[in-house]
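*Asks:* Chain by chain, the residues:
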Amino acid sequence: MAIAFKQETFRDDFSYRNSPENIRRFPFPFDRDEYMYAVNMEPHLKGQKGTAFESLIDVDEHYVAEMHDRALVLKEDPLRYQALPHMMTAQWDTLELLMEEQAAGFPEHFTLIRNGDQWRWINRPLGIDDTFTFGDRSTLPYEPLEYITRQAQGDFCIVDQRDGNLWMDAGMVTTQADWSLDFDIGMNFMEWHGPVPLAHQMGVFDRALKFLLNLQQGKPTRRFNWTMTINPRLDTSPENYHKWGPDRASVTPENVGEKVHLRVEVQSLWRLPRSNAILFVIRCYLMNMNELVTVPKWARRFPRVLSTLPPELIDYKGLTRYRQTTIDWLSRFDDGAPTSPGTFPD
Amino acid sequence: MLVEGIKSRPVYTGLSIQPRARRHIFALEGEGAHALLDRKPALDDTALSRSEILYVARGSQGKGNDEALRALGTDMFFAAPTIATLLFRLRGTLTTAHMGTRLYIAGTEGFIGQAMMVALDHGMDHASIVTEHRGSLARRVQCVHCKGVTEDVTHSPFSCGHCGLPLLVRDHYSRRLGAFQGVNIDAEEPGSAPDPEELFL
Numbered sequence: 000m001a002i003a004f005k006q007e008t009f010r011d012d013f014s015y016r017n018s019p020e021n022i023r024r025f026p027f028p029f030d031r032d033e034y035m036y037a038v039n040m041e042p043h044l045k046g047q048k049g050t051a052f053e054s055l056i057d058v059d060e061h062y063v064a065e066m067h068d069r070a071l072v073l074k075e076d077p078l079r080y081q082a083l084p085h086m087m088t089a090q091w092d093t094l095e096l097l098m099e100e101q102a103a104g105f106p107e108h109f110t111l112i113r114n115g116d117q118w119r120w121i122n123r124p125l126g127i128d129d130t131f132t133f134g135d136r137s138t139l140p141y142e143p144l145e146y147i148t149r150q151a152q153g154d155f156c157i158v159d160q161r162d163g164n165l166w167m168d169a170g171m172v173t174t175q176a177d178w179s180l181d182f183d184i185g186m187n188f189m190e191w192h193g194p195v196p197l198a199h200q201m202g203v204f205d206r207a208l209k210f211l212l213n214l215q216q217g218k219p220t221r222r223f224n225w226t227m228t229i230n231p232r233l234d235t236s237p238e239n240y241h242k243w244g245p246d247r248a249s250v251t252p253e254n255v256g257e258k259v260h261l262r263v264e265v266q267s268l269w270r271l272p273r274s275n276a277i278l279f280v281i282r283c284y285l286m287n288m289n290e291l292v293t294v295p296k297w298a299r300r301f302p303r304v305l306s307t308l309p310p311e312l313i314d315y316k317g318l319t320r321y322r323q324t325t326i327d328w329l330s331r332f333d334d335g336a337p338t339s340p341g342t343f344p345d
Numbered sequence: 000m001l002v003e004g005i006k007s008r009p010v011y012t013g014l015s016i017q018p019r020a021r022r023h024i025f026a027l028e029g030e031g032a033h034a035l036l037d038r039k040p041a042l043d044d045t046a047l048s049r050s051e052i053l054y055v056a057r058g059s060q061g062k063g064n065d066e067a068l069r070a071l072g073t074d075m076f077f078a079a080p081t082i083a084t085l086l087f088r089l090r091g092t093l094t095t096a097h098m099g100t101r102l103y104i105a106g107t108e109g110f111i112g113q114a115m116m117v118a119l120d121h122g123m124d125h126a127s128i129v130t131e132h133r134g135s136l137a138r139r140v141q142c143v144h145c146k147g148v149t150e151d152v153t154h155s156p157f158s159c160g161h162c163g164l165p166l167l168v169r170d171h172y173s174r175r176l177g178a179f180q181g182v183n184i185d186a187e188e189p190g191s192a193p194d195p196e197e198l199f200l
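Each protein sequence line maps, in turn, to chains A and B. Letter 199 of the first sequence, counting from 1, is numbered 198 in numbering that gives the first Met the number 0, and no numbers are missing. Letter 79 of the second sequence, counting from 1, is numbered 78 in numbering that gives the first Met the number 0, and no numbers are missing.
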């Protein structure tokens, strides 16, 4: 079934909204009424129709608007895309993976025709029909990673594997939860996670690194991450923090439903075949509180999760100014009834 | 906001002389001279004949470190008037360096970071470079907003030398930029920045 792509904005008038169908497919990340860090890796397998996991690279009704927002970010700040010189093979790996997955999952919107190294890529939602030589950078208008990630939802980092570590050596990062690719590029796994509280001491990163170093081709893995964002703003970058920071002080009991968003990242990790690098997809989903409470199970669970957060996480996720206001507002929808296990709506 | 033991911060393990190196390059700043002078017993004639010192006095001007270094009798001694001129000379040295060259850097963190960036540009592995922190704890900080770098930051918050925003100095360090990260401290409530504290003297 063809997706009806929305015209909407992630800045200025913030016209982004989820349709009722899209709310039902939202990847709600909490499988119980509390939250703490864990190495919550699971195989990245296809899920049921009507969920965000029906394809391994998800495309939804926000695709066209999100790609437009990415182009605006890149126009203002081209350093949101960077790749170190030794990553070119991994760039081609990524282009192949994203084209194949998008074409397989959404054939009415994307078509890839391969004839030896002569490839034709048709992207109907964005009106693109390009023929190029796979492996020849000069036949594309951008480097391969930039080219394909201007046409794929989510942020993308490619990490190189060497010396028993993973190195953040390329990326397209415009929908990030307050971290800077420009600052972190070239860092290893422990270094770029340096500012995260608690998890280092818990051994989470040691275990996660060990797991990822052994990631196999054809067996992608995924985990959830989450935070909250005021207004449906994709580009919550540190670069622009002085522009969006004031939003956090704008939440009142009257505007919680509209302004406060649950921001979920479905992070999938893929071993790449030629380069042996790992593609790290960080796909961001936004849903405001009015939308969230249309699912009774989530309306009960989310205020309970917010009430149990350790203070370090409240601070690190930047929730301090509006967490209590949000809990108070949400509590009207929590009748205290038990919630069913798992993340999906009842 | 300062996180103890942050993983992105480099560890400076001290200037141990690597006896098998075919060439030793010492890039030293200010009090960093003593990192080498204290290792004098490890410098035999062979090591000295393979050694080259690039030194900038900065805060140690007039303390005689340059004379003491010169007196070691290394193959080459170069005193630079500024960090920039020392780094220019270091680039020249590394451009013609051979396999078996070992680089040692000692001084303030900002100096180590900048010399390290020159070495990384020449394809040296950061783990192979020997470093020692001496002298002031002042930091080199990049503003994440305008990307301007401010040298010798001793207070947090401080005013970005380029865009003027009051910046919190985070304990997150980029080797590629040779700098800590500075983030606007009063973004959520402009005008609410606390008084600067002297944290990195």
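Treat the hints with care, as some may be off.
[Stated by the list, open to error] Simulated restraints, written as ranges between beta carbons of each label pair:
{"no.": "1", "chain 1": "B", "residue 1": "Thr81", "chain 2": "A", "residue 2": "Ala103", "range": "35 to 45 Å"}
{"no.": "2", "chain 1": "B", "residue 1": "Gln60", "chain 2": "A", "residue 2": "Asn39", "range": "40 to 50 Å"}
{"no.": "3", "chain 1": "A", "residue 1": "Phe133", "chain 2": "B", "residue 2": "Lys146", "range": "32 to 42 Å"}
{"no.": "4", "chain 1": "A", "residue 1": "Phe210", "chain 2": "B", "residue 2": "Glu66", "range": "47 to 57 Å"}
{"no.": "5", "chain 1": "A", "residue 1": "Gly126", "chain 2": "B", "residue 2": "Lys146", "range": "30 to 40 Å"}
{"no.": "6", "chain 1": "A", "residue 1": "Gly115", "chain 2": "B", "residue 2": "Leu136", "range": "58 to 68 Å"}
{"no.": "7", "chain 1": "A", "residue 1": "Gly126", "chain 2": "B", "residue 2": "Gly99", "range": "50 to 60 Å"}
{"no.": "8", "chain 1": "B", "residue 1": "Gly99", "chain 2": "A", "residue 2": "Asn114", "range": "46 to 56 Å"}
{"no.": "9", "chain 1": "A", "residue 1": "Asp12", "chain 2": "B", "residue 2": "Gly190", "range": "42 to 52 Å"}
[Unchecked claim] With a Cα cut of at most 20 Å, we get these calculated SDA-like pairs of lysine to any residue:
{"no.": "10", "chain 1": "B", "residue 1": "Lys146", "chain 2": "A", "residue 2": "Asp177"}
{"no.": "11", "chain 1": "A", "residue 1": "Lys242", "chain 2": "B", "residue 2": "Leu167"}
{"no.": "12", "chain 1": "A", "residue 1": "Lys242", "chain 2": "B", "residue 2": "Arg38"}
{"no.": "13", "chain 1": "B", "residue 1": "Lys146", "chain 2": "A", "residue 2": "Pro77"}
{"no.": "14", "chain 1": "B", "residue 1": "Lys146", "chain 2": "A", "residue 2": "Glu60"}
{"no.": "15", "chain 1": "B", "residue 1": "Lys62", "chain 2": "B", "residue 2": "Arg38"}
{"no.": "16", "chain 1": "A", "residue 1": "Lys242", "chain 2": "B", "residue 2": "Gly147"}
{"no.": "17", "chain 1": "A", "residue 1": "Lys242", "chain 2": "B", "residue 2": "Asp185"}
{"no.": "18", "chain 1": "A", "residue 1": "Lys242", "chain 2": "B", "residue 2": "Thr45"}
{"no.": "19", "chain 1": "A", "residue 1": "Lys242", "chain 2": "B", "residue 2": "Cys145"}
{"no.": "20", "chain 1": "B", "residue 1": "Lys146", "chain 2": "A", "residue 2": "Lys48"}
{"no.": "21", "chain 1": "B", "residue 1": "Lys146", "chain 2": "A", "residue 2": "Gln81"}
{"no.": "22", "chain 1": "B", "residue 1": "Lys62", "chain 2": "B", "residue 2": "Phe76"}
{"no.": "23", "chain 1": "A", "residue 1": "Lys48", "chain 2": "A", "residue 2": "Glu60"}
Quick caveat, the hints were computed from the structure, so don't treat them as lab data. Glycine included, C-beta positions come from ideal geometry on N, C-alpha and C.
*Asks:* Next, verify each hint and record whether it holds.
*Replies:* Cross-check of the supplied hints:
1. B:Thr81 x A:Ala103: 35 to 45 Å: Once the Cβ atoms are compared, 59 Å apart, the range 35 to 45 Å for Ala103 of chain A and Thr81 of chain B is violated.
2. B:Gln60 x A:Asn39: 40 to 50 Å: Cβ of Gln60 of chain B to Cβ of Asn39 of chain A: about 56 Å, so the range 40 to 50 Å is violated.
3. A:Phe133 x B:Lys146: 32 to 42 Å: holds, 35 Å
4. A:Phe210 x B:Glu66: 47 to 57 Å: Cβ of Phe210 of chain A to Cβ of Glu66 of chain B: about 56 Å, so the range 47 to 57 Å holds.
5. A:Gly126 x B:Lys146: 30 to 40 Å: holds, 34 Å
6. A:Gly115 x B:Leu136: 58 to 68 Å: Cβ of Gly115 of chain A to Cβ of Leu136 of chain B: about 60 Å, so the range 58 to 68 Å holds.
7. A:Gly126 x B:Gly99: 50 to 60 Å: holds, 57 Å
8. B:Gly99 x A:Asn114: 46 to 56 Å: Since Gly99 of chain B and Asn114 of chain A have Cβ atoms about 50 Å apart, the given range 46 to 56 Å holds.
9. A:Asp12 x B:Gly190: 42 to 52 Å: Because 27 Å falls outside the window, the suggested range is violated.
10. B:Lys146 x A:Asp177: Status holds; Cα separation ~16 Å.
11. A:Lys242 x B:Leu167: holds, 16 Å
12. A:Lys242 x B:Arg38: violated, 51 Å
13. B:Lys146 x A:Pro77: holds, 13 Å
14. B:Lys146 x A:Glu60: violated, 35 Å
15. B:Lys62 x B:Arg38: holds, 19 Å
16. A:Lys242 x B:Gly147: Status holds; Cα separation ~18 Å.
17. A:Lys242 x B:Asp185: The given pair, whose Cα atoms are some 11 Å apart, holds under the 20 Å limit.
18. A:Lys242 x B:Thr45: violated, 59 Å
19. A:Lys242 x B:Cys145: holds, 13 Å
20. B:Lys146 x A:Lys48: Answer violated: Lys146 of chain B to Lys48 of chain A is near 45 Å, above 20 Å.
21. B:Lys146 x A:Gln81: At roughly 15 Å apart (the allowed maximum being 20 Å), Gln81 of chain A and Lys146 of chain B satisfy the hint.
22. B:Lys62 x B:Phe76: holds, 17 Å
23. A:Lys48 x A:Glu60: holds, 15 Å
Violated hints for the displayed structure, listed by number in ascending order: 1, 2, 9, 12, 14, 18, 20.
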